[in-house]
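J.: Listed here are the chains, written in short residue letters.
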Amino acid sequence: MELVINGENQLMEQVSSVHDVIERLGLTGKPVVAEADGHVLTAEQWADTLLYPGMKLELVHFVGGG
Amino acid sequence: MQTDVLVIGGRTLTSRFFLGTGLFPNPYVQKEAIKASGAEVLTFAIRRINLASTEDDSILQHFEDNQYVYLPNTSGARTADEAIRIARLARASGLSDWIKVEISVNERTLLPDPIETLKATEILVKEGFTVLPYTSDDPVICKRLEEAGAAAVMPGAAPIGTGLGILNPYHLGLIVEEAGVPIIVDAGLGSASDIAQAMELGVSGVLMNTPVAKAKDPVRMAKAMSLAIEAGRLSYLAGRIEKKKYASASSGLDVFKLK
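Going line by line, the protein sequences match chains A and B. Our numbering numbers the first residue of the first sequence as 726 and each following residue consecutively. Our numbering numbers the first residue of the second sequence as 2 and each following residue consecutively.
The set of hints was computed from the structure by calculation and includes no laboratory data. Treat the hints loosely; a few may be bogus.
Straight-line C-alpha distance at most 20 Å; calculated SDA-like pairs for lysine to any residue [what the hints assert, rightly or not]:
#, chain 1, residue 1, chain 2, residue 2
1, A, Lys755, B, Leu61
2, A, Lys755, B, Asp218
3, B, Lys120, B, Leu96
4, A, Lys781, B, Arg86
5, B, Lys32, B, Gly150
6, B, Lys127, A, Lys755
If you anchor each label on the Cβ, the simulated ranges turn out as follows [what the hints assert, rightly or not]:
#, chain 1, residue 1, chain 2, residue 2, range
7, A, Gln770, B, Gly174, 22 to 32 Å
8, B, Arg241, A, Gly732, 32 to 42 Å
9, B, Tyr69, A, Lys755, 13 to 23 Å
10, B, Asn169, A, Glu748, 46 to 56 Å
11, B, Lys244, A, Ala768, 53 to 63 Å
12, A, Ala772, B, Glu83, 24 to 34 Å
13, B, Glu179, A, Ser741, 24 to 34 Å
Which residues of chain B face chain A? A partial, calculated answer using Cβ under 7 Å [to be verified]:
#, residue
14, Thr22
15, Asn27
16, Thr44
17, Ile47
18, Arg49
19, Ile50
20, Ala53
21, Leu61
22, Ser76
23, Gly77
24, Arg89
25, Leu111
26, Asn210
27, Ser236
28, Tyr237
29, Gly240
Nothing here was measured: the structure is a model prediction, and the numbers come from that model. Cβ coordinates follow ideal geometry from the N, Cα and C atoms, glycine included.
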């Protein structure tokens with residue numbers, strides 16, 4: 726399925742939820758926050774948030790800053 | 002001496018040092034500098050994960066536990082809407098509901114946009130965030146942010162990263178006099194003397210990043226800043242002497258002078 730992750734088109738097979746995407750990218754257990762089509766998700770919502778072709782995902786984390 | 006603590010958003014802090022986590026030469030120096038600073042509140046930024054290399058570059062890997070208060074910022078936001086989006090993302094991490102609202106449009110000065118900052122503060126307060134807006138050193142906008150429900154207000158001393166020190170001590174003094182919430186000086190400070198000056202003006206704390214992280218010896222500078230905060234605070238509480246134009250002897254009466 727083609728998804729738009731952090732502004733880039735990504736082809737990802739055999740994924741059905743946001744949780745699957747996080748897992749596929751090796752981000753499980755890391756302090757990641759996901760947003761799907763402009764809606765901020767809590768980690769509990771990842772598994773229930775189903776993907777569709779063209780869905781826009783943003784995956785962010787904390788970096789150093791003042 | 003009475004215990005002199007700082008309370009923000011219901012949280013009691015024993016340190017008045019808020020430390021940023023950017024620009025340190027490496028994680029080890031950063032960790033040691035944080036220790037030396039005694040800071041309890043640490044700031045962070047929120048950015049997209051780099052999908053090309055998802056090895057762990059999150060800053061949080063370097064912090065083991067919850068001894069710190071996390072203060073994510075909305076840096077990169079150019080409007081209230083963008084700042085609100087970043088704030089919601091930060092809160093969804095489950096780490097903190099504190100947010101430093103930081104909205105800048107001018108890339109050269111990075112000065113805050115006070116109008117967008119006020120808009121974002123109003124909305125985020127309603128959404129239950131503990132909001133600490135970074136704003137300009139203007140007494141009127143600082144008061145407006147307080148009225149909008151900011152838990153503390155953070156006027157800049159000078160543009161971010163410049164190290165110019167307190168450009169308008171008169172305004173900063175007025176801001177403190179009129180404030181009903183803690184005032185934290187954020188941005189533009191350069192060295193320990195700037196910090197002591199800010200604290201002597203009566204501010205409740207200081208937020209720094211560049212002057213510590215980019216010092217030749219960040220760990221030593223973190224300690225220096227921490228001592229300056231303490232010295233400035235004690236000096237403020239102790240109450241300084243009035244300035245006079247002419248000398249006055251410190252050894253007593255003229256009549257006992259040897260002749």
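J.: Taking the hints in turn, state whether each one holds.
T.: Hint-by-hint comparison with the structure:
A distance of roughly 9 Å separates the Cα atoms of lysine 755 of chain A and leucine 61 of chain B; the hinted pair therefore holds under the 20 Å criterion. Distance check on the hinted pair: lysine 755 of chain A and aspartate 218 of chain B sit about 31 Å apart at the alpha-carbon level, beyond 20 Å; violated. Restraint check for lysine 120 of chain B and leucine 96 of chain B: the C-alpha separation of about 24 Å exceeds 20 Å, so the hint is violated. Restraint check for lysine 781 of chain A and arginine 86 of chain B: satisfied, since their Cα atoms lie roughly 15 Å apart, inside the 20 Å limit.
Under the criterion of a C-alpha separation no larger than 20 Å, the hint pairing lysine 32 of chain B with glycine 150 of chain B is inconsistent with the structure, at around 33 Å. For a cut-off of 20 Å, the pair hint linking lysine 127 of chain B to lysine 755 of chain A is broken: about 29 Å separates their Cα positions. Take glutamine 770 of chain A and glycine 174 of chain B: their Cβ atoms lie about 48 Å apart, and the range 22 to 32 Å is violated. About 54 Å separates the C-beta atoms of arginine 241 of chain B and glycine 732 of chain A, a value inconsistent with the hinted range of 32 to 42 Å.
Look at tyrosine 69 of chain B against lysine 755 of chain A: about 18 Å separates their beta carbons, and that is inside 13 to 23 Å. The hinted window of 46 to 56 Å between asparagine 169 of chain B and glutamate 748 of chain A holds, with their beta carbons roughly 52 Å apart. Range check, lysine 244 of chain B to alanine 768 of chain A: about 58 Å between beta-carbon atoms, so the 53 to 63 Å window is met. The beta-carbon spacing between alanine 772 of chain A and glutamate 83 of chain B, approximately 29 Å, falls within the hinted interval of 24 to 34 Å.
Checking the proposed 24 to 34 Å range against glutamate 179 of chain B and serine 741 of chain A shows it is violated: the Cβ atoms sit about 56 Å from each other. Satisfaction of the interface hint for threonine 22 of chain B is found here, the shortest Cβ-Cβ separation to chain A being roughly 4 Å, below the 7 Å cut-off. For asparagine 27 of chain B, the shortest C-beta to C-beta distance to chain A is roughly 11 Å, which exceeds 7 Å, and the interface hint is violated. The restraint placing threonine 44 of chain B at the interface with chain A holds, with a minimum CB-CB distance near 6 Å, inside the 7 Å limit.
The interface hint given for isoleucine 47 of chain B is met, as the beta carbon of that residue sits about 5 Å from the closest beta carbon of chain A, less than 7 Å. Interface restraint check: arginine 49 of chain B against chain A, minimum CB-CB distance 5 Å, threshold 7 Å, status holds. A cut of 7 Å between beta carbons decides the hint on isoleucine 50 of chain B: the least distance to chain A is about 5 Å, and the hint holds. Look at alanine 53 of chain B: its Cβ only gets to about 9 Å from chain A, farther than 7 Å, so that hint breaks.
With a least beta-carbon distance of about 5 Å to chain A, the hint placing leucine 61 of chain B at the interface is held under the 7 Å criterion. Checking serine 76 of chain B against chain A: minimum C-beta separation of about 6 Å stays under 7 Å; hint holds. The criterion of a C-beta within 7 Å of any C-beta in chain A is not met by glycine 77 of chain B, whose closest approach is roughly 9 Å, and the hint is violated. Against a cut-off of 7 Å between C-beta atoms, the interface hint on arginine 89 of chain B holds, since the closest Cβ of chain A lies about 5 Å away.
At a threshold of 7 Å, the smallest CB-CB gap from leucine 111 of chain B to chain A is about 11 Å, leaving the interface hint violated. Interface restraint check: asparagine 210 of chain B against chain A, minimum CB-CB distance 3 Å, threshold 7 Å, status holds. With its C-beta approaching chain A no nearer than about 26 Å, serine 236 of chain B sits outside the 7 Å limit, and its interface hint is violated. A cut of 7 Å between beta carbons decides the hint on tyrosine 237 of chain B: the least distance to chain A is about 24 Å, and the hint is violated.
Here the hint on glycine 240 of chain B is broken, as its CB sits about 32 Å from the closest CB of chain A, past 7 Å.
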